[in-house]
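Sequence order for the protein chains is A and B. Counting from 0, one number per residue, gives the positions in the first sequence under numbering that gives the first Met the number 0. Counting from 0, one number per residue, gives the positions in the second sequence under numbering that gives the first Met the number 0.
These aren't lab readings, by the way, just hints derived from the structure by calculation. Any given hint could be a false lead.
Chain A stretches covered by chain B per the calculated footprint, using a threshold of three residues with CB under 8 Å from any CB of chain B [stated by the list, open to error]:
1) 106-120
2) 244-254
3) 297-311
Note that CB positions come from ideal geometry on N, CA and C, so glycine has one too.
Given next are the chains, with one letter for each unit.
2 protein chains.
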Amino acid sequence: MNHAVPVSGAWRPTDPVGHRQFLSLDRKLALDSGQVLDGVVVAYETWGTLNADASNAVLMCHAWTGDSHVAGPADLGHPTPGWWESAVGPGLAIDTNEWFVVCTNVLGGCQGTTGPASLHPDDGKPYGSRFPVITIRDMVRAQVRLADHLGIGRWHSIIGGSMGGMQVLEWATTYPDRVSSIAPIATCAQASAQQIAWGSIGRRAIMTDPKWRGGDYYDAAPGDGPHEGLSTARMVAQVTFRSDNVFTERFGRQIVGSDNALKSIDQKFEVERYLEYHGDKLVRRFDANSYLVIGKAMDLHDIGRGRGGLEAAMARINVPTLTLGIHSDMLYPAYQQIQIRDLLVSRGVPAEYIEIDSPHGHDSFLIDLDQVGPPLRHFLANV
Amino acid sequence: MNHAVPVSGAWRPTDPVGHRQFLSLDRKLALDSGQVLDGVVVAYETWGTLNADASNAVLMCHAWTGDSHVAGPADLGHPTPGWWESAVGPGLAIDTNEWFVVCTNVLGGCQGTTGPASLHPDDGKPYGSRFPVITIRDMVRAQVRLADHLGIGRWHSIIGGSMGGMQVLEWATTYPDRVSSIAPIATCAQASAQQIAWGSIGRRAIMTDPKWRGGDYYDAAPGDGPHEGLSTARMVAQVTFRSDNVFTERFGRQIVGSDNALKSIDQKFEVERYLEYHGDKLVRRFDANSYLVIGKAMDLHDIGRGRGGLEAAMARINVPTLTLGIHSDMLYPAYQQIQIRDLLVSRGVPAEYIEIDSPHGHDSFLIDLDQVGPPLRHFLANV
Chain A
0 MNHAVPVSGA WRPTDPVGHR QFLSLDRKLA LDSGQVLDGV VVAYETWGTL
50 NADASNAVLM CHAWTGDSHV AGPADLGHPT PGWWESAVGP GLAIDTNEWF
100 VVCTNVLGGC QGTTGPASLH PDDGKPYGSR FPVITIRDMV RAQVRLADHL
150 GIGRWHSIIG GSMGGMQVLE WATTYPDRVS SIAPIATCAQ ASAQQIAWGS
200 IGRRAIMTDP KWRGGDYYDA APGDGPHEGL STARMVAQVT FRSDNVFTER
250 FGRQIVGSDN ALKSIDQKFE VERYLEYHGD KLVRRFDANS YLVIGKAMDL
300 HDIGRGRGGL EAAMARINVP TLTLGIHSDM LYPAYQQIQI RDLLVSRGVP
350 AEYIEIDSPH GHDSFLIDLD QVGPPLRHFL ANV
Chain B
0 MNHAVPVSGA WRPTDPVGHR QFLSLDRKLA LDSGQVLDGV VVAYETWGTL
50 NADASNAVLM CHAWTGDSHV AGPADLGHPT PGWWESAVGP GLAIDTNEWF
100 VVCTNVLGGC QGTTGPASLH PDDGKPYGSR FPVITIRDMV RAQVRLADHL
150 GIGRWHSIIG GSMGGMQVLE WATTYPDRVS SIAPIATCAQ ASAQQIAWGS
200 IGRRAIMTDP KWRGGDYYDA APGDGPHEGL STARMVAQVT FRSDNVFTER
250 FGRQIVGSDN ALKSIDQKFE VERYLEYHGD KLVRRFDANS YLVIGKAMDL
300 HDIGRGRGGL EAAMARINVP TLTLGIHSDM LYPAYQQIQI RDLLVSRGVP
350 AEYIEIDSPH GHDSFLIDLD QVGPPLRHFL ANV
């Protein structure tokens, strides 16, 4: 069964909801930009049961093109299987017999939470180019509303990798009284120039696609959106998500098919086919404007913004912290997670850094769950 | 004075020649693909004087978007200053009082040698999409014709970085009797899957630009070629040419101008402006089809092709070899140059590896000439 979102310029997240739930915010959401969003909807999923004193709640935060679907099969409303399928569930590392696990789709996304493809409450037409710049902090503000709604005053822990880790750090610095522990994984306290460079090239690939049409492409015929640009953007990202060594092992210099490699400039290497597969796959499930808006939020990520800089912001964090890094990660190099640990330890905050020994690069936090799960299980149990 | 090639879809290398010379090949050039090119012209420059027994000739090989202009100011016919300006000249590391230095523009290029923008001899119209797939070996075959023309039976040394290093290795394996020593720098014996991945994304950016028009865009109005795609391709490459650390030091998270960074998704970071500058700069001086054809040649680079593999090919090299690597090079990691040294040393060939200690990444071989020049001077003197 293929529950992929149909490829369409007019794609909107109106498919049936599956396991997802929705919270319609009862008040406007004020953004870092100074703009205000009205009628915001937050899509989320939960696993396990909240206990009587609401002390067993764990928030999981997803990465760039992720969604609220931490665990479970692909289903209506979430086109891919759970992104931590083998780590979150009854008896698993993050044991849903013990913990009440919550995950939202982020603000700006396209899997149920308000984003550029959502309908503007003023005119019932998609936001498109009208969607404001958002920040990781804004994503967290939307999650705070959900926590209030669910009666969760303080999370036992907040966990996330990559952009998920950015949300973790923003929670701990913006709402230090609502967090008992954090686990930021393969992430950073502020986006580096190289990370911004990769992000901006992806945005450029989308925005120079004539079918992007300034962001207002939702009236396009099915299949006629800015898919070439989104696919190229994803291909750039996909290389940075993985590693030189694994590409060499997996693809080497293999040519697609048995034809003469010198026949035509269109003759592809296997690694090219792999990248195109990932580009096409994303196009089928993700909205180009969401990719832009969320990517920009990642580039704008800086927990020190408006707080007197990085160290002043980090000084707001006083809870036990476990940060995981990956030695083969070229996109969020391990030094960025070590920096988080060091800034906390220098102030006496209990913080530990564990390095995942995997060749798979940045995506190791989604691949090598046998190395991610056990330290998290131990951390949750001992906070 | 700005001698940049005008931005134009109809750009052709018909501008005055400056210091360049041209050799029109008197016979057809048979290519690895099985195709044949007729009427090939090779643009080249020389410095110094060939001695009586033609024993002081040094061939320099340029990188992807380079040209024959190793030394000298920007001038008509070569829109950028010499790429090793401070290392090649009278009294410099590669002393043109002693050595007769030669550099060609590569086959497929757009700075005088026959490439996709050249006129097809059959109909006098640009090759465009009709230009064949070429290889590094084909580039070397064109250089062999020039060596014959100049009366150089055997080069004292052949030197080049990046794609230039690929030519160096192809010379030594294809024409072992015509080379007395080689210096391949920041290069590889065969392109890796990750290198192919980066290359293929750049090609995709160009080929999905509607103004590329299948490669036949030379009748476009000035400024109306596939410049968006070429610029995006260059931006991807530019990140891989440099390094995380230097981007952080140079650009950090600086925003262009003093505006609110959250105002608009179009608000740029300084690192974005830098990348766009490099994209725009390349568009003004380089033809998109040449970028494609030469990039494909780099991805096809494998000195083992048709020779029973890498080790069998390397076994053809029996001359003193100096290979330079760069510890911060993410595109051609140092292990690739160490591999070249190791394969030679294992067979008793005198080969040395020297690592350039620079933070500038792959481009260090064009930037830190104070570390490149002295070992080359010593190597040339002691072969």
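* Verify the coverage statement for the segment 244-254 of chain A against chain B, using a C-beta to C-beta distance below 8 Å and requiring 3 or more qualifying residues. => Holds: 6 residues of the segment 244-254 of chain A have a Cβ under 8 Å from chain B.
* Asked: In terms of beta carbon proximity below 8 Å, does the segment 297-311 of chain A have 3 or more residues touching chain B?
  -> This one holds; 3 residues, not fewer than the three required, reach chain B with a Cβ under 8 Å.
* Asked: Are at least 3 residues of the segment 106-120 of chain A within less than 8 Å of chain B when you compare beta carbons?
  -> The restraint on the segment 106-120 of chain A is violated, since only 0 of its residues have a Cβ under 8 Å from chain B and three are required.
Of the numbered hints given earlier, the model fails hint 1 alone.
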